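Sequences and hints are given; from them, build the entire structure.
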Amino acid sequence: GAVVSQHPSRVICKSGTSVKIECRSLDFQATTMFWYRQFPKQSLMLMATSNEGSKATYEQGVEKDKFLINHASLTLSTLTVTSAHPEDSSFYICSSRGAGDTQYFGPGTRLTVL
Amino acid sequence: AQSVSQHNHHVILSEAASLELGCNYSYGGTVNLFWYVQYPGQHLQLLLKYFSGDPLVKGIKGFEAEFIKSKFSFNLRKPSVQWSDTAEYFCAASGTYKYIFGTGTRLKVLA
Chain A
8 GAVVSQHPSR VICKSGTSVK IECRSLDFQA TTMFWYRQFP KQSLMLMATS
58 NEGSKATYEQ GVEKDKFLIN HASLTLSTLT VTSAHPEDSS FYICSSRGAG
108 DTQYFGPGTR LTVL
Chain B
189 AQSVSQHNHH VILSEAASLE LGCNYSYGGT VNLFWYVQYP GQHLQLLLKY
239 FSGDPLVKGI KGFEAEFIKS KFSFNLRKPS VQWSDTAEYF CAASGTYKYI
289 FGTGTRLKVL A
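Protein chains in written order, with the numbering used here: chain A, 8 to 121; chain B, 189 to 299.
Everything labelled a hint here was simulated from the structure, so no lab data went into it. Honestly, I wouldn't trust all of these hints.
Said to hold, decoys possible - Listing some non-contacts, in silico: residues in chain B with all C-beta distances to chain A over 12 Å: (1) 203; (2) 204; (3) 229; (4) 232; (5) 234; (6) 242; (7) 244; (8) 252; (9) 254; (10) 258; (11) 259; (12) 261; (13) 266; (14) 286; (15) 298.
What the hints assert, rightly or not - Below are the DSS-like pairs computed for lysine-lysine, each with C-alpha atoms no more than 30 Å apart in a straight line: (16) B:246 to A:62; (17) A:71 to B:249; (18) B:286 to A:73; (19) A:21 to A:62.
None of these values were measured; they are calculated from a predicted model. Cβ atoms here follow ideal geometry from the backbone N, Cα and C, with glycine treated the same way.
This is the structure in structure tokens:
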């Protein structure tokens, strides 16, 4: 299956700072990528759909000014958590939509905001 | 509204026991159904998927799922589980609307 990488895998930051998470589709071009948030012992919550060359589509309740998404190329999407607060601490997962509507997931990024 | 329901949140089985995890969906239009698995410390990966055709779908590692349209169900089964099947399992639906995941089922297999 397709390989999706995320960087960094873990990040700890101070409250008020911004954090950028990269999601790369390593072996195929992804016009659509997704960003999810996973709370402990809960399911994936879709935050936004990232479309190459256009603005991301955010789910209801997700602040687009706080979670900036950029999909500048067919292999890279970035999520920037701006002015992070402790409640933003979570596990963030990206995925690429591949052939046959299958999603290929990255390994996730654990964000801890102090 | 579109939704995916997984009835079992936690399942504990002994090795060699049979497994069935329930998944029901509510989704308008054409629907594609998936089961994803997340092993401890690893990322989500596709277990199997159904788009059309034979409603009994076989996936990796001996798993299978049956699409029953009249019941809006896509239950996951395995005749004999192994300790290595300990993981979290997510049912998902896609199609006309966005991808929707169920809340997941944590399976623990006792050796």
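Hints, verified against the model:
1. Every C-beta of chain A lies more than 12 Å from that of residue 203 of chain B, the closest at about 24 Å, which supports listing it as non-interface.
2. With a closest Cβ-Cβ approach of about 27 Å to chain A, residue 204 of chain B is found to remain outside the 12 Å limit, as its non-interface label requires.
3. Separation of residue 229 of chain B from chain A is inadequate, the least Cβ-Cβ distance of about 9 Å not exceeding the 12 Å criterion.
4. For residue 232 of chain B, the requirement that its beta carbon stay farther than 12 Å from each beta carbon of chain A is not met, with the minimum near 4 Å.
5. Residue-level check failed: residue 234 of chain B sits 6 Å from the nearest beta carbon of chain A, not beyond 12 Å.
6. For residue 242 of chain B, the non-interface assignment is confirmed: its Cβ lies about 16 Å from the closest Cβ of chain A, beyond the 12 Å cut-off.
7. With a least CB separation of 18 Å from chain A, residue 244 of chain B remains clear of the 12 Å interface cut-off, as annotated.
8. No beta-carbon of chain A comes within 12 Å of the beta-carbon of residue 252 of chain B; the shortest separation is about 17 Å.
9. The beta carbon of residue 254 of chain B sits about 19 Å from the closest Cβ of chain A, which is more than 12 Å, so the claim that it is off the interface holds.
10. The Cβ of residue 258 of chain B lies farther than 12 Å from every Cβ of chain A, with a closest approach of about 23 Å, so its non-interface assignment holds.
11. Every beta carbon of chain A lies more than 12 Å from that of residue 259 of chain B, the smallest distance being close to 22 Å; the non-interface claim holds.
12. Listed as outside the interface, residue 261 of chain B is consistent with that label: its C-beta sits roughly 18 Å from the nearest C-beta of chain A, beyond the 12 Å cut-off.
13. Every Cβ of chain A is farther than 12 Å from the Cβ of residue 266 of chain B; the closest lies at roughly 20 Å, confirming the non-interface assignment.
14. With 12 Å as the threshold on Cβ separation, the claim that residue 286 of chain B sits away from chain A is violated: the shortest Cβ distance comes to roughly 7 Å.
15. Its beta-carbon lying about 20 Å from the closest one in chain A, residue 298 of chain B satisfies the requirement of being farther than 12 Å from that chain.
16. Pair hint residue 246 of chain B plus residue 62 of chain A does not hold up; C-alpha atoms about 38 Å apart against a cutoff of 30 Å.
17. A threshold of 30 Å between alpha carbons decides the hint, and for residue 71 of chain A with residue 249 of chain B the separation of about 40 Å lies outside it, so the pair is violated.
18. Of the pairs offered as hints, the one joining residue 286 of chain B and residue 73 of chain A holds, with about 22 Å between alpha carbons and a cut-off of 30 Å not exceeded.
19. Straight-line distance between C-alpha atoms of residue 21 of chain A and residue 62 of chain A comes to about 28 Å, which keeps the hinted pair within the 30 Å bound.
In this structure, the earlier hints numbered 3, 4, 5, 14, 16, 17 are contradicted, and the remaining ones agree with it.
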